[in-house]
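S.K.: One-letter residues, chain by chain:
Number of protein chains: 2
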Amino acid sequence: MTYSQAILNGDRLALSRLLTQVENDTPESRMALIELFPHTGKAHIIGVTGAPGTGKSSLVNQLALQYRKAEKKRVAIIAVDPSSPFTGGAVLGDRVRMRDLYGDVGIFIRSTATRGSLGGLAKSTANMAQIFDAAGFDLIIIETVGAGQSEVDVARLAHTTLVVEAPGLGDDIQAIKAGILEIADILVINKADHIGVEMTEKALKSMLELAHPAARIFQHHGAAMQAAAPPQKLPAAPLWIPPIQRTIATEGKGIAELAESIARHAAHLTHSGDWAARERTRIEMELDLLIREELISRFRQTLPQNHYEKLLTQIIQREISPGETVKLLLDGRRK
Amino acid sequence: MTYSQAILNGDRLALSRLLTQVENDTPESRMALIELFPHTGKAHIIGVTGAPGTGKSSLVNQLALQYRKAEKKRVAIIAVDPSSPFTGGAVLGDRVRMRDLYGDVGIFIRSTATRGSLGGLAKSTANMAQIFDAAGFDLIIIETVGAGQSEVDVARLAHTTLVVEAPGLGDDIQAIKAGILEIADILVINKADHIGVEMTEKALKSMLELAHPAARIFQHHGAAMQAAAPPQKLPAAPLWIPPIQRTIATEGKGIAELAESIARHAAHLTHSGDWAARERTRIEMELDLLIREELISRFRQTLPQNHYEKLLTQIIQREISPGETVKLLLDGRRK
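As you go down the protein sequences, you meet chains A and F in turn. Note that the first sequence ends on residue 335 in the working numbering; no numbers are left out. Note that the second sequence ends on residue 335 in the working numbering; no numbers are left out.
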């Protein structure tokens, strides 16, 4: 039986093995991705990102439990982990971080730590999400640590992106907020029992106002903003203002409300036609990634190794610039 | 006068303008990079990375001041900022974060927030570093927020990479440490007056032992490890064990010791032949980035737009997989 048949039959071991194949980008995984592709497009992909120390892992854990208990949905978690292989970070992560969720067949947790080439992580994460989608998982949660370019790229794979903050994370937080506000559909202040939660919320609100002038509407609602009045009930156009949700993941507080907020966002995407637009963006980005990887791989195959090495040495000796070298390599190839 | 002539003459305004051109990847900047390339290869490039909330900006600020005051060196700072343009993050960053350094012509501070394509940030940062190098700056400090793939890529541009930690940054920190230990040449525990500093140092030491079994040698030295005995005086091979340096950047404490540690690392690189090896890696990575960007740009130019759009629609309708599409696009082109 092929991987794709086994996965469509609900074989968890085959699923686990195929995910490893995808990480290693094997010919088997490429074949399976082609075969499984017609079965994709049904899952709701949720991205969860934010700075370290915000308690994202606990939050994702609780959110998955909520979906299992309250809605009987099947949930896959992809924890994108910058750990290195020598400490076994990714494997350890699977076991330690999501302890509560073990033994539930409706939940599948996978850490991934693919490094290597630029774009490699985003590509393998996109492919893993596709496999979970074909395998019939209703929700796919992609969790990323950090707030760098790769996290933003991974977030682009999601239909709904949660940006998690926590009170009192220091002076760099402003810079990060500014960058990730653009990708946030829902802002979460986790550890909402910590000192400084009011200040964090105030700062987020000010930044939201800058980004979405319509956010002022919510200014006088106070707590109502937290509960996020469904935007589709507003008289104006279907504009989505990222709501701010407070949670205390370690105590399971605010999780049900967060799940509701996510459901409202999904409904908004469907009603406004944004779901289709995001699907298009997602797929375009995926295609772009695949094209880039294929271009460089084909280029490498056609390249005589000693020619490349010779040029590299010339660059190091400052005889030729990298820009000129690229021209030589690419134009030379065409002759 | 061309940009490159002006820059070799020490024109700061031209330098500033060229950096903007580099961010926008203009033809002028490509020309200048080619012209300036023979003048590069002299600067010591220092990467500073780590989690948000560790006080990296203050540390970089203090380090630059140290180099100016104690060693009269010219220092350039590239603050790689994930801020978005609508909040003016990068511009604001220039003004607010490095207040102490203004008015000193031996210091040039530049924030950069280039987003867009994968690899775009690493490419433009590499190019900016080259321009500072040609302009005669002795030290180029590249500061990155976060610990994602892009930060690791930027760190690869550096001769010496500092990974900054701070006590008590929460549960995600272990995962991050594991990932960045591989790229760290020097570990800095900033905010060393905060509670939990001993625990942070203990955790870092354990991880170092895992990564570098030779680090055990230093275990019995206690405080001596902090001061990092010069590895070149050890009887064994010239192996570099990342020293752990404590700092309190806001009070300027530990900065001189950190600068010494950086100097020792530079000496180690030279003596062991690693400097040349890193130069080669740096240049190879840069070349790889440029080749990727050029390949995709040339591919786009040869692509009939409606063909691409048609295939994209077919993917969205699940008639063809992204993998098959790439084959069609690339093989079709060759016929």
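It should be emphasised that the hints constitute simulated quantities derived from the structure, not laboratory data. One or more hints might be untrue.
It does not matter which identical chain is used: a pair holds within one copy or between any two.
In silico DSS-like cross-links for lysine-lysine, where the CA-CA straight-line distance does not exceed 30 Å [said to hold, decoys possible]:
#1 Lys205 to Lys253
#2 Lys69 to Lys327
#3 Lys310 to Lys69
#4 Lys73 to Lys310
#5 Lys310 to Lys42
#6 Lys42 to Lys205
#7 Lys310 to Lys72
#8 Lys327 to Lys42
#9 Lys327 to Lys253
#10 Lys327 to Lys73
#11 Lys310 to Lys205
#12 Lys69 to Lys42
#13 Lys205 to Lys72
#14 Lys202 to Lys73
#15 Lys202 to Lys327
#16 Lys73 to Lys205
#17 Lys42 to Lys72
S.K.: So, for every hint listed, does it hold in this structure?
M.R.: Against the structure, the hints:
| no. | hint | verdict |
| --- | --- | --- |
| 1 | Lys205 to Lys253 | within (21 Å within a copy, 36 Å between copies) |
| 2 | Lys69 to Lys327 | neither (58 Å within a copy, 43 Å between copies) |
| 3 | Lys310 to Lys69 | neither (62 Å within a copy, 42 Å between copies) |
| 4 | Lys73 to Lys310 | neither (57 Å within a copy, 35 Å between copies) |
| 5 | Lys310 to Lys42 | between (50 Å within a copy, 22 Å between copies) |
| 6 | Lys42 to Lys205 | neither (33 Å within a copy, 46 Å between copies) |
| 7 | Lys310 to Lys72 | neither (61 Å within a copy, 38 Å between copies) |
| 8 | Lys327 to Lys42 | between (44 Å within a copy, 25 Å between copies) |
| 9 | Lys327 to Lys253 | neither (58 Å within a copy, 49 Å between copies) |
| 10 | Lys327 to Lys73 | neither (53 Å within a copy, 36 Å between copies) |
| 11 | Lys310 to Lys205 | neither (56 Å within a copy, 41 Å between copies) |
| 12 | Lys69 to Lys42 | within (21 Å within a copy, 61 Å between copies) |
| 13 | Lys205 to Lys72 | neither (34 Å within a copy, 44 Å between copies) |
| 14 | Lys202 to Lys73 | neither (35 Å within a copy, 42 Å between copies) |
| 15 | Lys202 to Lys327 | neither (51 Å within a copy, 50 Å between copies) |
| 16 | Lys73 to Lys205 | neither (32 Å within a copy, 43 Å between copies) |
| 17 | Lys42 to Lys72 | within (16 Å within a copy, 62 Å between copies) |
Of the numbered hints listed earlier, those contradicted by the structure are 2, 3, 4, 6, 7, 9, 10, 11, 13, 14, 15, 16.
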